[in-house]
Amino acid sequence: MANDIPVSQDSNDVPMLSCRGIWKVFGANKSKFEQSGGSDMTDEELLARGWTAAVRDASFDVARGEVFVIMGLSGSGKSTVVRCLSRLIEPTSGEVNVEGQDLLAASEAKLLKIRRQKMGMVFQHFALLPNRDVLGNVAFPLQVQDVARSQREERAREMISLVGLEGRENFFPGELSGGQQQRVGIARSLASDPAIWFLDEPFSALDPLIRADLQDELLRLQDQLHKTTVFITHDLDESIKIADRIAIMDQGRIVQIGSPEELVLNPANDYVARFVKNVPRSKVVRVSNIIRSATSADVVGDWVVNINDRLADVAPRIGGSTQPIAVQDDGGVTVGYVDRDKFVRILAGSA
Amino acid sequence: MGWALTIDNLPRLASSSVKCAVAVIALVLATSVGPGWLSTIPDWLVFPISQWVGDSLTWFAREASIGGLAVQEITRGFAELINKPIEAAVVILADGLFSGSGLDITQSVPPFSWLAIGGVAIIAAYRFGGSALALTTCICVSFLVLFGLWHNAMVTLSNVLVSVTIATLLGLALGIWSFRSAHVENVTRGIMNVMQTVPIFAYLIPTLLLFGYGPSAAVVATVAYALPPMVHNTVLALKSVPAETVECGRMTGCSRRQLLWQVQLPTALAKIAVGLNQSVMMTLNMVIIASMIGAGGLGFDVLKALRKLDIGAGLEAGMGIVALAIVLDRISQAVAKRAAHGKHREPGQWPLWRLLGLWIVVATGIALVFDPTQAWPKDYVISTATFWNDLVSWINRELYDVLDAFRTFALLQVMRPFRDALAVAPWTLMIGLLTIGAYALGGARLAIYCAALAFAIVLTGYWIPAMNSLYLILISVTLAVIMGFPIGFWLASRSRYQTAANLVLDTLQTLPTLVYLLPAVMLFRIGDVSAVIAVILYAMAPAIRYGMVGMSQVPVARLEAAQITGCTGWQTLRWIRFPAALPTLLIGINQTIMMAFSMLIIAALIGTKDLGQEILIALNRSLVGEGIVAGLCVACLALIADALLKAGAVRASTHGHKKKDQEHGE
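As they're listed, the protein sequences go chains P and F. Numbering of the first sequence is given in numbering that gives the first Met the number 0, commencing with residue 0 and proceeding in unit increments. Numbering of the second sequence is given in numbering that gives the first Met the number 0, commencing with residue 0 and proceeding in unit increments.
One or more hints might be untrue.
[Claimed, not checked] Calculated lysine to any residue pairs in the SDA-like style (CA-CA distance at most 20 Å, straight line):
1) F/K270 / P/P129
2) F/K342 / P/Q179
3) P/K109 / F/A424
4) P/K240 / P/V332
5) F/K608 / F/A424
Source of the hints: derived by calculation from the structure; they are not laboratory data.
Work out the full structure, taking the sequences as your base and the hints as a guide.
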């Protein structure tokens, strides 16, 4: 695929996945939609034609290795967006690029190839095949690609042990707990080593404790694998726990995209503000937001914190001393010191 | 329509019932004082449809040709083709191979012994359904062996296996095709709906014409009968595959074919297996009937016994079919369940095929050395036939007065007057009442549909036999429901009896229809009373089942709400349970009617005078057109009842409100 990208460009600059102006209007097809005014249509105009816009004008990029969470309540269009990105649902208008290639222009054969080699997906209700055992389920994506039996089973066993299900290879989905079933789903989605990993509310159907376990498991895997991830959820805490960036959707529209910190500190509108109101800020906001810049010569004292630390982690040190506290970046260079007023204001929620 | 009575719709309902009442009165007046053709069907309204159908089918079979080949040659060739697997199955399971000819014939290779085949069934039963199922299977196998029914049971099994295999493959193919194209689905659904309501006998006549007399014709008729549930369940199963599972297949990059064979079909397998199970049961149900056109085995034994009124022999062979049915039903159900939830093999556990293979080798070895395991010795065969025959004679001797009094009373005081009333009622009045009723239940479309079906019967000239069928159906269904529902209601509140009840009901429904005729004939000899009793016995099972299911599926929260409000048991039944159960109960009545129809036609064998008798006569005299048209008339009656009750059920579940159009989801 790299051949398709102009040589002069560093492939790392092209977002792994990007979409522009995605619309999904149920009841309309592309030409009808564009003839009637396309993206300029108002709610009333859509309604008058009996159309329902599930996704309106969604645009975003997902960088290589990034965990991009799309969050919204049910009916907000988040599941439809993720299906548009893989063309499980054909968008009514807009464009989707995978490593710079136009996905919507791809032929049926090309689409199959892209899905087989570049995409993996985890489903809310696991979507395991009941007639295959764990090994057969995990090996399924490779079987579809006609990979030889010994080879695909070897890979499947690797994936099964990656998600911690060794010894269950010959169990059937009906014999596993929900959490175990979703581990199988995760192993299967990774079997063909996809570049892009879609997870559609993967933990929503699980009990809270199991859900927390699997979230940790996901972080561990991501630490190891660095997949470009699109994660759908309706749970803000989950989003904050795992996201690099979060897109919040409301009634088909993306209302804000930003890091958890940005959402908490600068919500774009009331809707987002109401969402993040109850998030414990100390667990989201990083030291970088409370720096008073200064050169290293000005900062005295032995106390040092890292610029990427979360406030909750450094709070004991800040509270336990009256001395200036130095802030260092990852390279160990001092970039300023902690601004205690800002620290207090952020924790108090007035900043 | 008490369930629809709320303050809001009271005026609307009142006005519509006034309208209906006015229409009924006008209708009665018009038909009673109007010209004569309003009350008796005039000749110019009756067309020789039977003749047309008969002529065209005979022409099609005898004269028509496709690509230079006469149709009959093609169908006879086809029959030859089907004969091969049947013969092969009979050789393997029942007869073995013979050498020599004439009187000098000897069995050169024996078939698989009862020990081998019975063992295979028991091992499979154990693997799929545990020790309980293995025990049931063991009892059934022993029954067949000890009562000397084994050989004929295996002949029947051969026919069943071939029929089921063909029905399954054909049903799968049609089902997949219908699933992929909405257009095809509309066509197949229409055809299958009619096929399911046309009585079995009606299939036999064209089959005879096209395929001749013999086992292969029997298989063709059986396949035609067993096909609809397979097609229906395949479509349903494929449609019920979760959307996510299909998406998963598409995301892994499945081609259309891979998606079907590796994702959709395997996921749908459990529900397809339900269709297979139903097909097996339909096939077994057809066993006796199919013996009328040349299937041998147990079915033929029952038919023979019934013709001679040899109750004892008939009962035994009938029980043999039941034993076969129970084993096939339970094992195929267990397989369906297993398909739904796979189970891993314990370490060291052998795969099933290896176990079965080994058993066959071992058992065949034993059979070669020890003859009784090959063929159960005749001297040790048990028979209860004399006991049953003695019982019948005893009943006829000792209980004659009581039974005859009952029979005469039922016949003269209840059934005859009702039958005569229906027969003399003006046909326009009957169709008019039907139309008004249909309009009140389901609007103009339903009214037109029902009226058209009823009018079709008028045109064929089978109106009077149809009214005779209607009278038998109405009496039997009313009694079946009156007796069945209370039993069902009673069981609903006693959950510990329900498993047992379900088992009994399952078994009752696996019995072939003809078996129900035997006890009725035993007590009341032939005639309408016996027919009604047999129909009631057969049709009561769904009434009990739906009564039980309907009453026990009332949401617990509603019952608790009633309890906390202080409802008495009766109030809870009247206001909470009954409204909630009503849609299910109506479906139950619908099922009861469908079962009653299928039994009623068989009851022609014991001398009713309705559409069933017309079909039977046509079958005996090879009147192709008459048989088919009379069969279609039964289908018309059944389709009307079906449409009315389904409309009633929809009304009851939506409480008279129209369903809102569903909005587009995410």
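Q | Violations among the numbered hints | A | 3, 4
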